[in-house]
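Asker: With chain C's structure known, arrange chain X on it following the hints.
Sequence order for the protein chains is C and X.
Numbering-wise, the working numbering puts 63 at position 63 of the first sequence, and it's gapless, one number per residue.
Numbering-wise, the working numbering puts 223 at position 223 of the second sequence, and it's gapless, one number per residue.
In short, the hints are calculated from the structure, not lab data.
In this text, all values refer to a predicted model and were calculated from it rather than measured experimentally.
Careful, some of the hints might be misleading.
Interface residues of chain X toward chain C, partial, derived using beta-carbon atoms under 8 angstroms [said to hold, decoys possible]:
#, residue
1, Lys11
2, Trp15
3, Gly18
4, Asn27
5, Thr30
6, Gln35
7, Ala85
8, Phe117
9, Trp150
10, Thr181
Derived lysine-lysine pairs resembling DSSO-like cross-links, with alpha carbons at most 30 angstroms apart [what the hints assert, rightly or not]:
#, chain 1, residue 1, chain 2, residue 2
11, C, Lys11, X, Lys245
12, X, Lys11, C, Lys245
13, C, Lys129, X, Lys11
14, C, Lys245, C, Lys197
15, C, Lys129, X, Lys129
16, C, Lys245, C, Lys129
17, X, Lys245, X, Lys129
All C-beta atoms, glycine included, are put in the ideal place defined by N, C-alpha and C.
Protein chains: 2
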Amino acid sequence: MTQEKTYQPPKIWQWQPGNGGQFANINRPTAGVRQEQTLPRGEHPFQLYSLATPNGVKVTVMFEELLAAGHTGAEYDAYLIDINAGDQFGSDFVAINPNSKIPALLDLSGEQAIRVFESGSILLHLAHKFNAFLPTELSARTECLNWLFWQMGSAPYLGGGFGHFYSYAPEPMAYPIDRFTMEVKRQLDVLDQHLAKHDYLAGDQYSIADIANWPWYGALVLGRLYDAAEFLQVNDYRHVLRWAKAIDQREAVQRGRRVNRNWGDEAFQLSERHAASDFA
Amino acid sequence: MTQEKTYQPPKIWQWQPGNGGQFANINRPTAGVRQEQTLPRGEHPFQLYSLATPNGVKVTVMFEELLAAGHTGAEYDAYLIDINAGDQFGSDFVAINPNSKIPALLDLSGEQAIRVFESGSILLHLAHKFNAFLPTELSARTECLNWLFWQMGSAPYLGGGFGHFYSYAPEPMAYPIDRFTMEVKRQLDVLDQHLAKHDYLAGDQYSIADIANWPWYGALVLGRLYDAAEFLQVNDYRHVLRWAKAIDQREAVQRGRRVNRNWGDEAFQLSERHAASDFA
Numbered sequence: 001m002t003q004e005k006t007y008q009p010p011k012i013w014q015w016q017p018g019n020g021g022q023f024a025n026i027n028r029p030t031a032g033v034r035q036e037q038t039l040p041r042g043e044h045p046f047q048l049y050s051l052a053t054p055n056g057v058k059v060t061v062m063f064e065e066l067l068a069a070g071h072t073g074a075e076y077d078a079y080l081i082d083i084n085a086g087d088q089f090g091s092d093f094v095a096i097n098p099n100s101k102i103p104a105l106l107d108l109s110g111e112q113a114i115r116v117f118e119s120g121s122i123l124l125h126l127a128h129k130f131n132a133f134l135p136t137e138l139s140a141r142t143e144c145l146n147w148l149f150w151q152m153g154s155a156p157y158l159g160g161g162f163g164h165f166y167s168y169a170p171e172p173m174a175y176p177i178d179r180f181t182m183e184v185k186r187q188l189d190v191l192d193q194h195l196a197k198h199d200y201l202a203g204d205q206y207s208i209a210d211i212a213n214w215p216w217y218g219a220l221v222l223g224r225l226y227d228a229a230e231f232l233q234v235n236d237y238r239h240v241l242r243w244a245k246a247i248d249q250r251e252a253v254q255r256g257r258r259v260n261r262n263w264g265d266e267a268f269q270l271s272e273r274h275a276a277s278d279f280a
Numbered sequence: 001m002t003q004e005k006t007y008q009p010p011k012i013w014q015w016q017p018g019n020g021g022q023f024a025n026i027n028r029p030t031a032g033v034r035q036e037q038t039l040p041r042g043e044h045p046f047q048l049y050s051l052a053t054p055n056g057v058k059v060t061v062m063f064e065e066l067l068a069a070g071h072t073g074a075e076y077d078a079y080l081i082d083i084n085a086g087d088q089f090g091s092d093f094v095a096i097n098p099n100s101k102i103p104a105l106l107d108l109s110g111e112q113a114i115r116v117f118e119s120g121s122i123l124l125h126l127a128h129k130f131n132a133f134l135p136t137e138l139s140a141r142t143e144c145l146n147w148l149f150w151q152m153g154s155a156p157y158l159g160g161g162f163g164h165f166y167s168y169a170p171e172p173m174a175y176p177i178d179r180f181t182m183e184v185k186r187q188l189d190v191l192d193q194h195l196a197k198h199d200y201l202a203g204d205q206y207s208i209a210d211i212a213n214w215p216w217y218g219a220l221v222l223g224r225l226y227d228a229a230e231f232l233q234v235n236d237y238r239h240v241l242r243w244a245k246a247i248d249q250r251e252a253v254q255r256g257r258r259v260n261r262n263w264g265d266e267a268f269q270l271s272e273r274h275a276a277s278d279f280a
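Only chain C is shown next, with the shape it has when bound in the complex (with noise of 0.2 angstroms):
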């Protein structure tokens, strides 16, 4: 018998500070303001605080395509959250995004104020603010969300599961290992299964769906993620891979993938992001 064999959970759980891995100092079991602490403003509409973690760069990316098209509304102040400081907890943040997630937006375009928080409803919301990387038909726009959501549903088993245990956790642990590994590997497969007969998500273009679920599963397969290409065989997936190197030669990806990073090359690091000028 092995400890965790027989470990038993006590009738009533409680928390022990630390016991969580890498990133178990900034995790607790409750929620709200940690501290006070301003955030900084620019002169932009749109207002973002963030970090280039996959959930960061769909709204980078999304904001950099909207640039790209024409959409001049679309300017953006983009500063740096930095999550192991404790950013998300600061009080001006957590008005924003009460669940202390990046990434959180302000959106002052219009006559009021409007917080957006969750990427999922960040894409949305400015998809349809601009007409842009939605579908117009019905059922294509509707295809759209549905891969929108499937991302929203399907990525916590890659992030929080497989990548958890696979990278962050504090020892490897074969049955979560297990567990989460065949999700991703479905999850690639019902990818892969659907780009086998269409070139985008939505179907035959570029859209928010795509803008969601690339920087998690596009990264994967491109072997950027958790240093797990050659444990899940990412280059079975052929289909996945074509669109994910697509999407990876957009220029706008390209940028959105530099704003708010603060790590690896340094070259490629934008920690702020105020005007198109900044990436020269």
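Answerer: Same frame as chain C, now just chain X:
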């Protein structure tokens, strides 16, 4: 050293069938059709293929709410998908939802049949179609969508994380249970702090944000999920409890919970639903 501590993942993951606790027999690392299987079809504009799990209940509650509000165009036929028998891998089902999860909807109300999958996508599709349970004012509408997407991204930690490791895994494992319990309690606290200030998630109006969240977080604090009420100390979340109880009183909710249910109290089960009189 325990067995878990000495585990090292292989270079390339290999599937070991049957190694996954409850539901292990239906889970695989591949997607797509497993058998040719025709789905029945009724006379109504909406054909729902589902089961009364939390994700299924979202949609049957939505239909019953629409009908209770006088939207006679929302008549639906609901057929039971037996996930233990693998109905979700049948050819007709996969054609509607390539992800092989309930609920799946076929919208026959227009000129063209439209497939809708992912419970959040279905709720939004119906809310748009009937202009109901979605605020029209932009700020409230955005807040509604924020919480709809929040549910989609958060509940996998409750269902696929906490629920799996607390109730379905072949043996209790301390680390995964601790990890997902902490996150679920944090999520309950997010809701509790928000509902301390608002009657409903989007503000003062009952909306699809509530319809999406209630079958998960409402059922949890009402003690109906995973037998975990004491473990999670759900009564501490008194604003969530107030909200959950208020929604539980709604007639449409009581109806919606019964549809496509094939377990528990037989008098409460309604495995198929074709007309309001079926509830009598």
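Asker: Would you list, in rising numerical order, the hints stated earlier that this structure does not obey?
Answerer: 3, 6, 7, 13
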